[in-house]
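Here are the chains, one letter per residue:
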Amino acid sequence: MSDGADRPPEPTTPVGEPSNDSGNALVVTGPFFQRMDWLSFGLTAVVVLVVYLRTLAPEVTLEYSGALSTSAKYAGVAQPPGYPVWTLYSWLFVTLVPFSNIAWRVALGSAVAAALACSWVALMVSRAGTLLLETTPAFTNRKPAEQQMIQVVCGFVAGMALGLSRTVWRMAVVAETWALTVLLFALMLCLLMRWTCRPERRRFLYGALFVFGLLLTGNQELFVMTPALLLVVLLSDQALGRDLSVVISLLVLADWAVSVLGLYYWLGSDMLRSAGLLVAFLLVGVAAVVAIVRTRRFGSEWRSVSLCGILFLLGLGFYLYLPFASMTNPPMNWGYARTQEGSFHLITRGQYERWHPTDELGRFIGQLWIVAKETGEGFGWPYFVLAALPFGLLRRTGGCARRWLLGSAAVLFVSGRLWSGY
Amino acid sequence: MVGLLNPSEDQIIDRVVIAPLFAAMYVILALCTGLGLMVVGSIIAKTRMQPPPDAMPRS
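Read top to bottom, the protein sequences are chains A and B. Start counting the first sequence at 3; every next residue gets the next number (my numbering). Start counting the second sequence at 185; every next residue gets the next number (my numbering).
Hints listed in this document are in silico derivations from the structure and should not be mistaken for laboratory results. On a predicted model such as this, the values are computed, not experimentally measured, just so you know. You may find that some hints are simply not true.
[Stated by the list, open to error] So the derived list for chain A, only partly shown, Cβ under 8 Å to chain B, looks like this: (1) 134; (2) 183; (3) 307; (4) 391.
Note that beta-carbon positions come from the ideal geometry of N, C-alpha and C, so glycine has one too.
Given only the sequences and the hints, what does the whole structure look like? Please build it.
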């Protein structure tokens, strides 16, 4: 088993040194994230956190705030699907912060998580922007100090745009689970970015899959991102992506067949009734088969594939916390998870309605409009124009930035727009 | 995910309920926005010019 540490490191392109024919960009080895990236990270974290602290809810708010605060206080079992990672995270804040009421402390946890998510975004923009623009003379011909200034400012602006968007801000100042979701998602993207630039260092991919497992303990609907993640792996490491995609596509196909025949049911079975999701998995499977034909090999990366599976299950394994927490009989003990039936009922969201993917095109278009409108109003329409610009540089930029940007676009696609019956 | 969640079109409350589900999408939008800003910034930001010789302070 090798994480590829014995292979030579891929050069990165930090800013700050004189260069060759492409201006001031110089290919050197060293830490992937540079000092300016971390400056952007720190600046964003501090400013966003100050804004959140000034606007933090002083008490229990509406919706699930009270139930979640109780769950965090006693490290209990929250509403389906149990939110084990969020509960433990918030319990730490309730325990370690010695002042104010419980709901405020839990909201503080939300604020910290959201601020960190924004700062990870700032970090990624600062670094990825440099990689993206390493072949653009308008950037590389600038003085190192100017490049650094652009890095820091753009990273900061991106972090603030996320942090001050209506939806994120609203959930960052109350006792809710979403802020941690955003943090874990941003962290997973950052680890993936780190890995795509140096695919031989697979520990970052393992880390990303572990975080993906953690993410699914609270937001099972993000399972739809799996094909996009496989695409990132395929683009960055063909051999590993090939083996991983074949295994997962076969598992998905088997699950779909078993559920169609009515032999077995689990939560993912309903999701796979969405033809879009099924087709995406099949496309990834086809790409993997093409990779097998091209490389004339299969299974050479079984150890890494196994490790990927183990790390993912390790993250997902936090669900095992729920029955143990339920045994302590906390005030918030949803679903009586100490029993096998209760655990299954809780984790599969048995109390709620099952997934019913859209199966009408007209309805799907209407839903897309709702989401687009909400996103435009919550995030800001003008940002959409800016967000489209990096894709214009895809053909000119290097492999690392291209792979990561394509992967991010795929994640954006599946996390927002895909999965109708069409 | 829109199709998977299958939100109602005519209930305004659904916009509030479903918005957090798309928070992950916001992260990528913010990333792309930052990168786009970097593209624009590197093109339109003025390079600081050296002051002309006669504008230099004389000792």
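Right, here's what the structure says about each hint:
Here the hint on residue 134 of chain A is kept, as its CB sits about 6 Å from the closest CB of chain B, short of 8 Å. A distance limit of 8 Å between C-beta atoms decides the matter here; for residue 183 of chain A the minimum to chain B is near 6 Å, and the interface restraint holds. Using the Cβ-Cβ criterion of 8 Å, the hint placing residue 307 of chain A at the interface with chain B is not satisfied: the shortest such distance is roughly 25 Å. Annotation: residue 391 of chain A was flagged as interfacial toward chain B, and the flag holds, the nearest CB pair being 4 Å apart, inside 8 Å.
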